[in-house]
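J.: Heads up: the protein sequence lines correspond to chains A and B, in order. Note that the first sequence covers residues 1 to 412 in this note's numbering. Note that the second sequence covers residues 1 to 143 in this note's numbering.
If you're looking for bench data, these hints aren't it; they were derived computationally from the structure. This structure is a prediction, so every number in the text was calculated from the model and none was measured. Among the clues, some could well be false.
[Unchecked claim] Straight-line distance between alpha carbons at most 30 Å, and here's what the computed DSS-like set of lysine-lysine pairs gives: (1) K383/A to K406/A; (2) K128/B to K383/A; (3) K6/B to K30/B; (4) K62/B to K326/A; (5) K406/A to K128/B; (6) K399/A to K51/B; (7) K399/A to K383/A.
[To be verified] Per the computed footprint, the stretches of chain B lying under chain A, defined by three or more beta-carbons under 8 Å from a beta-carbon of chain A, are: (8) 13 to 26; (9) 38 to 50; (10) 87 to 99.
Glycine residues also receive a C-beta, built at the ideal position from the N, C-alpha and C atoms.
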Amino acid sequence: MAVKLPIYMDNAATTRTDPRVVEAMLPYFTEKFGNSASRNHKFGWEAEDAVDLAREQAAALIGASPKEIVWTSGSTESNNLAIKGAARMYARSPEGTKGRGHIIAAAHEHKAVLDPCKRLQNEGFDVTFLQPPADGVITRAMVAEAMREDTILVSIMWANNEIGTINEVPEIGALCHERGVIFHTDATQWVGKMPTDVEKDHIDLLSWSGHKMYGPKGVGALYVRRRNPRVRLEAIQDGGGHERGMRSGTLNVTGIVGFGKACEIALHEMDSERERLLNLRRKFERELSSRLEVTQVNGHADRRMPHILNISFGYVEGESLLMGIKDIACSSGSACTSASLEPSYVLKSLGVGDELAHSSLRLSLGRWSTEEEVDYAVEGIVKAVNHLRTMSPLWDLYKEGIDVSKIEWQTH
Amino acid sequence: MAYSDKVIDHYQHPRNVGSFGTSKEVATRKDVGVGIVGAPECGDVMQLQIKVNDAGVIEDAKFKCFGCGSAIASSSLATEWIKGKSVDEALAIKNTQIVEELSLPPVKIHCSVLAEDSIRSAIADYKKKNGIAAATTQEASAH
Ligand SMILES: Cc1ncc(COP(=O)(O)O)c(C=O)c1O
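Throw the hints in and build the complete structure from the sequences for me.
T.: Take a look at the structure:
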């Protein structure tokens with residue numbers, strides 16, 4: 001089978017919307033276009049029914065009750081609402097004072113968790129950012145050690161978006177429940193791919209997003225536990241009192257319909273999809289590591305999502321590598337590919353040296369990835385890495401047996 | 001990021017890639033000047049080697065580069081430009097000329113600066129090996 005170019009291998013950034021999802025959404029643009037809050041005509045009732053169905057589909061995917069789902073615009077908003085909303089609600093002292101409570105998060109969370117936490121620091125909360133170990137996995141023991149008498153909230157992502165590592169979320173949830181601390185998890189890369197049960201996994205607040213699981217962009221959900229314990233949040237966006245006052249604003253009915261459909265498909269297909277993607281990723285990893293010297297798969301060897309591969313190629317710079325594989329859409333931890341000109345803070349937090357961080361690629365597979373595409377990508381990457389190594393002065397030094405990290409570079 | 005056609009051409013067909021020997025070998029060769037600038041943790045390292053004849057003319061030049069496409073293109077272009085020039089003529093090359101030739105965007109200007117630095121650094125090495133008083137060439141790289 002011929003491979004269609006360019007190949008999409010950036011499914012951790014966003015996914016193609018499943019055509020079945022688009023199909024489900026279409027009537028809600030032009031025919032059933034009502035406002036789900038309109039209580040006195042058919043258009044409104046149709047929209048409300050659709051939103052209710054989506055709520056059931058979303059709840060079913062994570063083992064929640066439909067009443068525990070709050071619609072948002074995506075994981076960024078869900079994280080903001082969960083973290084700021086819970087911290088401000090459970091603060092131990094009023095605004096303008098210090099010592100309002102202690103929060104624990106991981107240093108390699110997505111910016112949509114880190115930045116709300118930093119804002120809370122400015123508002124008088126104490127935040128501990130747990131430094132991940134070299135394998136990237138945050139354990140229950142690490143959280144237990146950081147817990148204090150005044151800890152009010154723990155926010156630990158389920159799976160990391162850059163390296164795919166899986167934290168000990170059910171164990172951390174159990175710990176939080178033993179200690180009476182609210183537990184939030186950013187499950188954007190997890191839900192829809194792995195089985196999730198907010199009861200067994202002891203989760204109070206869970207964020208996820210449509211566009212990472214073959215649904216539309218700009219729609220997300222926040223699970224908010226209603227009993228044992230009942231979690232309350234201070235709203236961020238005020239207005240018409242939608243979503244039980246937690247998130248005002250006319251609902252994005254079409255997006256929500258798509259989100260629900262995407263959840264329903266994921267629930268039915270995730271088991272076979274997971275197996276298939278895991279086999280593809282393993283092959284990808286095996287081929288690249290065996291055909292190229294000095295490669296390093298970043299993150300824990302096994303505790304990793306089936307669809308994400310983050311790999312560094314020593315002595316080759318990431319942006320130039322991307323240039324050499326133009327028909328493979330993926331991303332790099334290289335500084336040159338980010339606005340900040342800093343290499344990936346996630347890789348740095350794992351203790352991956354700057355130079356290997358500059359040399360990293362993140363390849364993420366999805367529902368339509370094929371073995372032929374993986375084979376094609378392996379050929380392309382091997383060729384590009386070898387081409388760049390013939391040009392790399394660092395490669396020469398390495399081949400001469402000189403330790404590049406011991407050289408005193410003339411930094412600028 | 002969109003690259004100019006010239007950057008892509010240098011990336012795909014780099015001119016004068018290579019060296020005149022291992023780092024140990026060239027360290028003792030008086031006719032070869034070596035400049036290595038940048039640092040791996042910053043994401044770019046350029047190595048420029050020049051072979052200078054008795055008349056002080058750069059007969060041949062070779063580069064190696066660890067860096068983005070613009071860095072590779074800048075060093076490749078630098079080797080093209082300095083070949084056949086006298087050492088002093090080569091010193092007159094400015095990074096702004098490289099920026100213009102390759103249509104580098106503002107975020108990539110540092111690549112051209114590095115290329116200019118590598119020329120100065122290779123010439124300084126050549127002069128040092130041959131006991132020629134180096135003008136303040138090395139310091140010029142402070143930025
Ligand atoms: C782990 C994680 N959290 C949060 C987000 C933000 O999600 P959204 O684009 O839905 O706001 C992303 C996606 O970039 C992510 O991967």
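J.: Compare the structure with each hint and give your call.
T.: To see whether the hints hold, each was checked on the structure:
no.	hint	in the structure
1	K383/A to K406/A	holds, 29 Å
2	K128/B to K383/A	violated, 39 Å
3	K6/B to K30/B	violated, 34 Å
4	K62/B to K326/A	holds, 27 Å
5	K406/A to K128/B	holds, 24 Å
6	K399/A to K51/B	holds, 23 Å
7	K399/A to K383/A	holds, 19 Å
8	13 to 26	holds (count 6)
9	38 to 50	holds (count 10)
10	87 to 99	violated (count 0)
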